[in-house]
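In the working numbering, the protein residues as written are 1 to 437.
A hint or two may mislead.
As the list claims (entries may be wrong) - Think about it this way: if two alpha-carbon atoms lie no more than 16 Å apart in a straight line, the pair counts; the simulated EDC-like pairs of lysine to aspartate or glutamate are:
| hint | residue 1 | residue 2 |
| --- | --- | --- |
| 1 | K187 | E216 |
| 2 | K232 | E30 |
| 3 | K383 | D356 |
| 4 | K383 | D402 |
| 5 | K227 | E248 |
| 6 | K187 | E30 |
| 7 | K187 | E201 |
| 8 | K227 | E177 |
| 9 | K232 | D355 |
| 10 | K232 | E177 |
| 11 | K232 | D250 |
| 12 | K198 | E185 |
| 13 | K383 | E248 |
Since the hints were derived computationally from the structure, they do not count as laboratory data.
Computed from a prediction, not measured in an experiment: that's the story for all the values here.
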Amino acid sequence: MNVVCIWTSRFTAIVALLVATLEPGAASAEVVTLQELEALALRNQARWEAVRATTVRATAEVDAARARRMPTFWLDVMSVVAPGSDIERVFTVDGREVNVRASPTVTERTAFRPNVRYEGTIQMRAPLYDGQTQASLRAARAYRAAVQARAGASQEMVLAMVRASYLDWLATYLDHELAAAAAREAKAQLHRTGLRVKDGERPPADLDAARYQQLEAQLVASDAAAKLEAAKRLLESAVGTALSPDAEPDRALLLIDTEDPRIEQKYEIEALELERNAARDEADMYRRSRVPVLAVVGQTGLAGVNDRAFPRYQLGLNLSVPLWDGGRAVSLARAADARASELDAQARDARIERDDRREQALTQRRNADEQLVLAENLVEVSKKRVAQVETSYDLGAGDLDDVADAHSALRNAQSRRLQIQVTRADAILRLNYPEPK
1 MNVVCIWTSR
11 FTAIVALLVA
21 TLEPGAASAE
31 VVTLQELEAL
41 ALRNQARWEA
51 VRATTVRATA
61 EVDAARARRM
71 PTFWLDVMSV
81 VAPGSDIERV
91 FTVDGREVNV
101 RASPTVTERT
111 AFRPNVRYEG
121 TIQMRAPLYD
131 GQTQASLRAA
141 RAYRAAVQAR
151 AGASQEMVLA
161 MVRASYLDWL
171 ATYLDHELAA
181 AAAREAKAQL
191 HRTGLRVKDG
201 ERPPADLDAA
211 RYQQLEAQLV
221 ASDAAAKLEA
231 AKRLLESAVG
241 TALSPDAEPD
251 RALLLIDTED
261 PRIEQKYEIE
271 ALELERNAAR
281 DEADMYRRSR
291 VPVLAVVGQT
301 GLAGVNDRAF
311 PRYQLGLNLS
321 VPLWDGGRAV
331 SLARAADARA
341 SELDAQARDA
351 RIERDDRREQ
361 ALTQRRNADE
371 QLVLAENLVE
381 VSKKRVAQVE
391 TSYDLGAGDL
401 DDVADAHSAL
411 RNAQSRRLQI
421 QVTRADAILR
431 LNYPEPK
């Protein structure tokens, strides 16, 4: 039995991915509720390495963007052996004695004598104004928020898949019960008909007809059992956990009701909107790569030759003005703007689609409520019809085909009622979608 659900088109493709994560671990209770399986699915989904890695990467990118606003320090150490650059003692015009570096000419005797030169400095750069870094930080934060929303959307997808497969399992389980009951009734009818044929109350042809009906009912029950097994396997794949062989669905799910419909799937739209904002911030970051950067620069250390050393230090302001990068920043900004426009259109379409699904679910529930009343009456009438035909047959006024037709009509009425109940439950669940944990 197929269940009408908005996620049907996506369900088959994603189940193939989830099968790989299937774990043994039977559910403890015989009756397994939808809430229990949703919690199991979310716990299993939380272990997906891809989701965790993407979140960690987004957080690391925010930290990296923030670090560009902090002062940077680095140590330079250099030592070489080379000719020239001796330390000479000279007198200034005002009579002071100072040491300076001086290299002899090639004609002098010491021109090629090697000297040990060394230098050790600590350098610092602290940005005062850097518009690109600020824009980069905003883009990284927006991207991280989008990743977090995308994780919520992923959980919404898991919940929708679990609900769809659970409702299908519930429908096939109850349909299998109906088929099994019909098979048992057909077997009992065959036994009663055999006794009446043996007593000469019914013609022998009735026994063949009863055997045919029993075999047909067994075939229907076997087909229903196969569908039940397939539905259970799909549910296990969606949850990521194997169920107990004795697990049964919660029949009370067909009786759920609510008067407070809420809109489902908010994270999908939120993720698209946040990704759009991140693309806009990224475009702003590329444009600001042409903005001047003002920074404080400093240096301190020692430099010398052989046993003579000099102090080194400096402190100042550095202004970097980008002139031309070949148009790279402009092109990247245009690409990011185009991506933002695309995401904005997707977000609008997703919002319209969500509103349409909500209206469809409301209509589906309203129609199911109306149809369920009719289906209940149809089942009651079919039961009375079965009782009448069986009584007539027992009195010898009817034939076995009439009994078979009445039982078939009853089972069809029960199946239609079951489908309406599942459709109604599906609509209510879609109107009351819980937020992912």
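Comparing the hints with the structure gives:
In summary, the hint linking K187 to E216 is supported, as the alpha carbons are separated by about 11 Å, within the 16 Å threshold. At most 16 Å may separate the alpha-carbon atoms for a hinted pair to count; K232 and E30 meet this at roughly 14 Å. For the suggested pair K383 and D356, the alpha carbons sit about 39 Å apart, so the restraint of at most 16 Å is broken. About 14 Å separates the Cα atoms of K383 and D402, which keeps this hinted pair within 16 Å; it holds.
Only pairs whose Cα atoms come within 16 Å are accepted, and K227 paired with E248 is accepted, the gap being roughly 15 Å. Of the supplied pair hints, the one linking K187 and E30 is violated, its CA atoms being roughly 28 Å apart against a limit of 16 Å. The hinted pair formed by K187 and E201 fails the criterion: a straight-line CA distance of about 19 Å is larger than 16 Å. As the CA atoms of K227 and E177 are separated by approximately 12 Å, the hinted pair is consistent with the 16 Å bound.
In summary, the hint linking K232 to D355 is not supported, as the alpha carbons are separated by about 31 Å, beyond the 16 Å threshold. This hinted pair checks out: K232 and E177 have alpha carbons roughly 15 Å apart, not beyond 16 Å. For the proposed pair K232 and D250, the alpha carbon gap of about 13 Å is at most 16 Å, so the pair holds. For the proposed pair K198 and E185, the alpha carbon gap of about 20 Å is over 16 Å, so the pair is violated.
Proposed proximity of K383 and E248 is contradicted: the alpha carbons are some 26 Å apart, above 16 Å.
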